[in-house]
Amino acid sequence: MESNNGTTIILMSGDMDKVMAAFNIAIGAAAAGKETAMFFTFWGLKAIQKGNYTGRSFLGKMMSIVNRGGINRIGPSQFNFWGLGRWMFKQMMKNHKAPPLEELRKAAIDLGVKLWPCQMSMEIMEIKKEDLIDEVGEVCGVAAMLEFSDHCKQTLFI
Amino acid sequence: MESNNGTTIILMSGDMDKVMAAFNIAIGAAAAGKETAMFFTFWGLKAIQKGNYTGRSFLGKMMSIVNRGGINRIGPSQFNFWGLGRWMFKQMMKNHKAPPLEELRKAAIDLGVKLWPCQMSMEIMEIKKEDLIDEVGEVCGVAAMLEFSDHCKQTLFI
Amino acid sequence: MESNNGTTIILMSGDMDKVMAAFNIAIGAAAAGKETAMFFTFWGLKAIQKGNYTGRSFLGKMMSIVNRGGINRIGPSQFNFWGLGRWMFKQMMKNHKAPPLEELRKAAIDLGVKLWPCQMSMEIMEIKKEDLIDEVGEVCGVAAMLEFSDHCKQTLFI
Chain A
-2 MESNNGTTII
8 LMSGDMDKVM
18 AAFNIAIGAA
28 AAGKETAMFF
38 TFWGLKAIQK
48 GNYTGRSFLG
58 KMMSIVNRGG
68 INRIGPSQFN
78 FWGLGRWMFK
88 QMMKNHKAPP
98 LEELRKAAID
108 LGVKLWPCQM
118 SMEIMEIKKE
128 DLIDEVGEVC
138 GVAAMLEFSD
148 HCKQTLFI
Chain B
-2 MESNNGTTII
8 LMSGDMDKVM
18 AAFNIAIGAA
28 AAGKETAMFF
38 TFWGLKAIQK
48 GNYTGRSFLG
58 KMMSIVNRGG
68 INRIGPSQFN
78 FWGLGRWMFK
88 QMMKNHKAPP
98 LEELRKAAID
108 LGVKLWPCQM
118 SMEIMEIKKE
128 DLIDEVGEVC
138 GVAAMLEFSD
148 HCKQTLFI
Chain C
-2 MESNNGTTII
8 LMSGDMDKVM
18 AAFNIAIGAA
28 AAGKETAMFF
38 TFWGLKAIQK
48 GNYTGRSFLG
58 KMMSIVNRGG
68 INRIGPSQFN
78 FWGLGRWMFK
88 QMMKNHKAPP
98 LEELRKAAID
108 LGVKLWPCQM
118 SMEIMEIKKE
128 DLIDEVGEVC
138 GVAAMLEFSD
148 HCKQTLFI
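Line by line, the protein sequences give chains A, B and C.
Under this note's numbering, the first residue of the first sequence carries the number -2, and numbering increases by one thereafter.
Under this note's numbering, the first residue of the second sequence carries the number -2, and numbering increases by one thereafter.
Under this note's numbering, the first residue of the third sequence carries the number -2, and numbering increases by one thereafter.
These are calculated hints, taken from the structure and not from any lab test.
There could be a bad hint or two in this list.
Note that identical chains are pooled: a pair holds if it fits in a single copy or bridges any two copies.
[Said to hold, decoys possible] Computed list of lysine to aspartate or glutamate pairs in EDC-like fashion (alpha-carbon distance at most 16 Å, straight line):
| no. | residue 1 | residue 2 |
| --- | --- | --- |
| 1 | 94 | 123 |
| 2 | 91 | 132 |
| 3 | 91 | 123 |
| 4 | 47 | 132 |
| 5 | 31 | 135 |
The model shown is predicted, which means the values in this text are computed figures rather than measured ones.
Please construct the entire structure, taking both the sequences and the accompanying hints into account.
See below:
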C-alpha cells in the first residue's frame, strides 16, 4: 500500500452512536481512496456478530445474554432508558434519511473497508469466528493492527 | 498549511470532562503553533450550541429537552447523580483555578482554533446553524474533516 | 528518538476494559520497537495510583471515596451492577489466561513504556506525586505530551 495514506479505526465501543460514527468515518476514508481497516475489539465485536447467542462456559453464555451481539440490537450511549433511546434514535435517523447501521456496514464492505476482529477479545468473550458475519477478514491481534496503522495517516480509537 | 503539522480533534462526547480535555488539547496544540480544528459531532455539538431549545419535529424537541445544549449545562461522564457531579466538578475546578469550559472555548477561539459542526449530526438532531454560537466555521462533513486531518500530525477521537 | 515512529496513548478513562485496551496497545507498540508513552489524565490516573485515599479539601476527599484509585479497584464500563461486572470480567479474563491489569502494567513498564501523569488533572483532583506508583515519570502537561506525540505515528485518545 501507498505509505502514509490510509485510515485505521479501532472500534471498542458497542454503542449505536459510536458504531455509526466509526462506519461513517471509514466510509468517508475509503471513498477518498484511502486504504481503510476497522479493528473490532470488545464491545465493538457486536457490530460484526451475526447476532446468535454465544459463549461456551456459564459466564460466557451469561455475558452473551446481557450483551447480545448483532448490529440491529445495538443502542446509543445516551438515553437508553427502557429502550427509548434506540427507538428514538433510529426513528430520528429514519426521519432524516440517515442509513441504518446495517446499510452503513454494507457500504463500508462494498468500498473495500477491511473488518478485522480482535483475537484476544474473542477469546475472553468466547466468540467464535462462526459467530461473526462472513465478510470479516482474518482474526488478528494488536501487532497486525499496529503494522497496518504504521502506513496510515489516521488511527482513531472509538 | 504546512504539511504534517496541525491537530484535528473529533469531539463526539458531550461529557464535561471530555469536552474539557478536548479544548485543553486544542489550546495546547494551537499555542504550539499548530493549525488546529475541532469537528463537533453528535453530543459534542452541545459544546458549541447557544443553549436554546432546538428541534422541529416532536422527537427532535423531546431530544432537546432531555439533552439540551449549551456549554454551561454540560455534566461530567462520572458521578452525575442528582447533578452533584457537575456541581462538585465545577467547584473543584474553581478551587484550583482551572478555567471553566466557557473560558476554555474562548481561549481556543482566540488562538484561532477552527470549530466545525458536523452536518449529518445537525440534520439528525435537528440543530440549525442559528442554534450554534457565532464563532463556528462552515458546517461540514466527514470528507472535509478528513482532508484537513490529512495534513495533521494528530487526529484524536474524543 | 527516531522521527515518525513511536506511539502516544492519552488515557482518560478509568474503566477496566479501556485501561486494559490501553496497556495492550502500549505493550504491542513497545514490543514492536516503538518508543511509547502513556499520558494519564483524569480517571485514567486511577491506573497509576497506589490506591490510598487522596485529597486535601472536603471535596477532594469525597471524590477519592466515590472514585478511589488503584489498578485493582477498576471496573469495566459495561455491566458494573453490584460489582458483578468487575467480578465477571476478571473471572472470564482469568479463565482465558488473560493477564490481570497489574501484570499488564508491569509488562509495559518492563518494556520501557513511559508513564506520564497529567499535571492539571492531579491538581484538580488533589492527587499528589506520592499517591502514584514509583515507576511514573515526570508529571507533565499537554505541551510536553504533544511534543512527544509529534514524533509518533499513532496518538490515541482512550
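Quick rundown of the hints versus the structure:
With identical chains, the CA atoms of residue 94 and residue 123 are at most 16 Å apart between copies only, with a shortest distance of 13 Å across copies and 36 Å within one. In this assembly of identical chains, residue 91 and residue 132 lie within 16 Å of each other by CA distance neither inside one copy nor across copies; the values are 26 Å within and 31 Å between. Proximity of residue 91 to residue 123 under the C-alpha cut-off of 16 Å is restricted to the inter-copy arrangement: shortest distance 13 Å between copies versus 34 Å within a copy. Proximity of residue 47 to residue 132 under the C-alpha cut-off of 16 Å is restricted to the intra-copy arrangement: shortest distance 11 Å within a copy versus 44 Å between copies.
For a Cα distance limit of 16 Å, the shortest separation of residue 31 from residue 135 qualifies neither inside one copy, at 20 Å, nor across copies, at 24 Å.
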